[in-house]
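Engineer: Make the complex out of the two chains shown on their own, each in a separate frame, by following the hints.
Chains as they are written, first to last, in this note's numbering: chain Y, 1 to 299; chain B, 1 to 153.
Keep in mind that a hint or two might mislead.
Said to hold, decoys possible - Cβ-to-Cβ under 7 Å is the rule here; a few derived chain Y residues that face chain B:
(1) S144
(2) C198
(3) A202
(4) P210
Said to hold, decoys possible - With a Cα cut of at most 27 Å, we get these calculated DSS-like pairs of lysine-lysine:
(5) Y/K73 x B/K149
(6) Y/K112 x B/K149
(7) B/K123 x Y/K18
(8) Y/K245 x Y/K18
(9) Y/K73 x B/K148
(10) Y/K18 x B/K148
Just so you know, the hints here were simulated from the structure itself, not pulled from any lab data. A virtual CB, placed ideally from N, CA and C, is assigned to each residue, including glycine.
Listed here are the chains, written in short residue letters.
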Amino acid sequence: MSENRQYIPFYGCMISLKYPQFEAAVRRTAPSLGMELIDIEGFTCCPDPIYFKSSDKMNWLTVAARNLCLAEKRGLDLITLCSGCTATLLETRHLLSSDAGLRSRVNKRLAKIGMTFKGSSRVRHIVTVLRDDVGFERIARTVSRPLENIRVAIHYGCHLLKPSRIMQVDDPDSPTILEQLVNLTGAEAIEHEEKLLCCGKACENPDIPPHMTFDVMRSVDKLNVDCMCLICPTCFDEYDLGQLKLSRLFNTKIEIPVLYYFQLLGLAQGIPPEKLGLSRHKIKATELVEKIGALAAVS
Amino acid sequence: MIRIAFDFKQQLDGTIGGEMHSYCFQCGACVGDCPAARYSERFNPRRILLEAITGHTENLLGDDSVLWECTNCYNCYERCPQDVRPVEVIMALKNICTQRKTSPDKVTHMVDAVARAGCTVMKTSAAQRMREELELPPLPAPGVDDLKKIIEP
Numbered sequence: 001m002s003e004n005r006q007y008i009p010f011y012g013c014m015i016s017l018k019y020p021q022f023e024a025a026v027r028r029t030a031p032s033l034g035m036e037l038i039d040i041e042g043f044t045c046c047p048d049p050i051y052f053k054s055s056d057k058m059n060w061l062t063v064a065a066r067n068l069c070l071a072e073k074r075g076l077d078l079i080t081l082c083s084g085c086t087a088t089l090l091e092t093r094h095l096l097s098s099d100a101g102l103r104s105r106v107n108k109r110l111a112k113i114g115m116t117f118k119g120s121s122r123v124r125h126i127v128t129v130l131r132d133d134v135g136f137e138r139i140a141r142t143v144s145r146p147l148e149n150i151r152v153a154i155h156y157g158c159h160l161l162k163p164s165r166i167m168q169v170d171d172p173d174s175p176t177i178l179e180q181l182v183n184l185t186g187a188e189a190i191e192h193e194e195k196l197l198c199c200g201k202a203c204e205n206p207d208i209p210p211h212m213t214f215d216v217m218r219s220v221d222k223l224n225v226d227c228m229c230l231i232c233p234t235c236f237d238e239y240d241l242g243q244l245k246l247s248r249l250f251n252t253k254i255e256i257p258v259l260y261y262f263q264l265l266g267l268a269q270g271i272p273p274e275k276l277g278l279s280r281h282k283i284k285a286t287e288l289v290e291k292i293g294a295l296a297a298v299s
Numbered sequence: 001m002i003r004i005a006f007d008f009k010q011q012l013d014g015t016i017g018g019e020m021h022s023y024c025f026q027c028g029a030c031v032g033d034c035p036a037a038r039y040s041e042r043f044n045p046r047r048i049l050l051e052a053i054t055g056h057t058e059n060l061l062g063d064d065s066v067l068w069e070c071t072n073c074y075n076c077y078e079r080c081p082q083d084v085r086p087v088e089v090i091m092a093l094k095n096i097c098t099q100r101k102t103s104p105d106k107v108t109h110m111v112d113a114v115a116r117a118g119c120t121v122m123k124t125s126a127a128q129r130m131r132e133e134l135e136l137p138p139l140p141a142p143g144v145d146d147l148k149k150i151i152e153p
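One chain only, chain B, in its complex shape (with noise of 0.2 Å):
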């Protein structure tokens, strides 16, 4: 007998975009036009918000998470009857992973640089050369003071 761990389910609910795991009645209608699931023979967006639903989703907040091959590309999104939005789900879930330190290197990566410069590619001299170049008017700065005072930790 499975038992339903509620405080897990509780802090999914509280996370933006989590709010509707529950109403995900197993249809599989996430499955057929993912492309990660065409691809990947251990991704599959029913089984997640199976363990979503379940509250059990030890498996999904590790380190190598599969969370991480989905694509983001929405179609899940396009195609619940429940309205679940499985892709804002598995996004929740990645918040949960970060909290707890799991997520790939390349996330906090991301928004160290965008905290620090503004932006997610480098200005290099090479990036200005090339505006340059095409006769592109030189950018203007981030407001990157402001971000500091509204991004938390």
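Just chain Y, with the same shape it has in the complex (with noise of 0.2 Å):
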């Protein structure tokens, strides 16, 4: 692909307002990949896959088939940033195209806005475009600055995956699209053992969540990385903010940074970690910076 393409980015609730460093890190990095950011007005929340879909299931649906009305009404495919956004829109779009009569009831609804679903835009992890639109070859020719002798241990997150046969990403038990990402950066990729755990965090008994999330900082913790990455805000709430509920809980110290992966992408195209929001994180990425030779300080 060498023209530019042009998406309607969904940020999602999360990557707006809690996390928009990641935002900012997509902003940054998609136009030397030739991807053209179309922001349009009037989303909502994708609706929430956890608690919102717990209500109402219906509600869920339609919620999100009004997102989707809106791209397509733009005649573009959706990219997403979130796996959450992902899961809500993309398991949306296939139920509502594969079942007629569920098809009709959230049409009928949505009629009240004078609006219809017809299926006509696609729903994409913005990861997924990464690869099937840029391009290996493309990603590899904007790094200007290669993160040599920089580990990374990768975490994939349950909903860019699963359900496998809707999300049409990756092998959802031996995934290599993340690790194939953070290798075109000159960073080198790093298996963990807990590399497939869910992050715990949709789990409403408040005993368990910390222990997942203990486990996979261990096995990441074994093997000297020089950093941890991934691509959902949910995940990274269990491992920036909850590695120092970890200090607490478990008192024992862990501190490896985490980045979004267009972060991490960011700093290999030479912008400066201030316009990635590194200093942002709970963990920082302070070494990790000067490690890469990317002057500006992490404060």
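Structural biologist: Structural data, given as structure tokens:
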């Protein structure tokens, strides 16, 4: 792909308001990748695939379908930056495209606001756009400051991969997409034992998620990595802020910076760390930034 | 002898995601790879499905139900040889909890937040400032008026 392609970004609540540094990283890395991001008005929460979906699945599908209709009206594919938004919007599109009865129930409600779901726009997680539209070669060409000697532990999270027949991103048992994308930055992707474990954020028993986080972080900590890389803001919650909680709960000291993939790519493209919002993270990436020779310090 | 509670099974069958519950043949493939089962002594998706199959779900539909320990990881959806999609059956049971007003407060809070502001995270001045510091454009207005017309109680 040499010319630019247009996409409608769906940033989602968590990234827009809680972790806008991920949005900044995507907006800053996209131009050189030939991705033109067309912002549109009127999106709401995807809505959330755990609690909102637990309340009433018809409401959940209808609100999600309304978001899909906005993209259809503009005639472009929607790209998602958050795995939760991906889960909601892709599952909705799948169900409404394959179940005519459900589609007509949802469309009856959407008629009240003058909309109809047609299924004409696709929903794609942004890492699949990197692989399938931009292409690995072009991504590699945007790297001006290869992240040499940087060891990166990958964490997939659940909703990028599963349910695989709906997501159709990669093999859910032995995915490689993130390893390949990380290796393009010049860094070395490292597998850890628990790389496919759920972050646990949705579990309502407060005793369980910290143990899950602890197991993941111990598995990463053994490997002498410079950072952890992921693509989901919910996982980020569990592993960035989560490390501070671990130090209190388990009297442990694990401090591994956690980066969203586009922050890592941004560093490799020579974008200054402050433009990628690295200083907002609880676990500071100071050593990583020094190691790659990005001059501006992370405060 | 167990008497099957057909009325409940019919209700579950009519709840989106619950349609396939009767096809569970109790193989337990959903358990082996379940993170909630790995970390919780009381969470067992095969057990939840057994209760769904018989229609005797009283233990699952009250306050403090074990259903809410599900991590929503979708491993069971991948593993199930019968295409039951246990996580979706669990979600359908949660929808029934909400009808019975036994879901955790978080569920109603989340729906209220979306209906009121279109968003699950509050648009605080701190968040807006954080966006400005990162030189991000102002957030576009969400279509809240539409939501009032399409979300049904």
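Engineer: Does Y/A202 meet its interface restraint, that is, does its C-beta lie within less than 7 Å of any C-beta in chain B?
Structural biologist: holds (4 Å)
Engineer: Against the 27 Å threshold, does the CA-CA distance of Y/K18 and B/K148 hold or violate the hint?
Structural biologist: OK: Y/K18 and B/K148 at ~25 Å, within 27 Å.
Engineer: Tell me if the straight-line CA distance from Y/K73 to B/K148 falls inside 27 Å.
Structural biologist: OK: Y/K73 and B/K148 at ~21 Å, within 27 Å.
Engineer: Can the restraint linking Y/K112 and B/K149 be considered satisfied, given a maximum Cα separation of 27 Å?
Structural biologist: holds (7 Å)
Engineer: Y/K73 and B/K149: Cα distance at most 27 Å?
Structural biologist: Holds, at about 20 Å.
Engineer: Hint Y/C198 vs chain B: min CB-CB distance below 7 Å?
Structural biologist: Hint holds; Y/C198 Cβ to chain B Cβ min 4 Å, cut 7 Å.
Engineer: Given the hint that Y/K245 pairs with Y/K18, does the C-alpha gap stay at or below 27 Å?
Structural biologist: Judged against 27 Å, a Cα distance of about 18 Å means the pair holds.
Engineer: Quick one, is the Y/P210 hint okay against chain B at 7 Å, beta carbons?
Structural biologist: violated (10 Å)
Engineer: Hint check: B/K123 vs Y/K18, CA-CA at most 27 Å. Holds or violated?
Structural biologist: Roughly 9 Å separates the two Cα atoms, so the pair holds.
Engineer: Using Cβ atoms only, decide whether Y/S144 comes closer than 7 Å to chain B, and label the hint accordingly.
Structural biologist: Given a least distance of 21 Å, the restraint on Y/S144 is violated.
Taken one by one, the earlier hints fail for this structure at numbers 1, 4, listed in ascending order.
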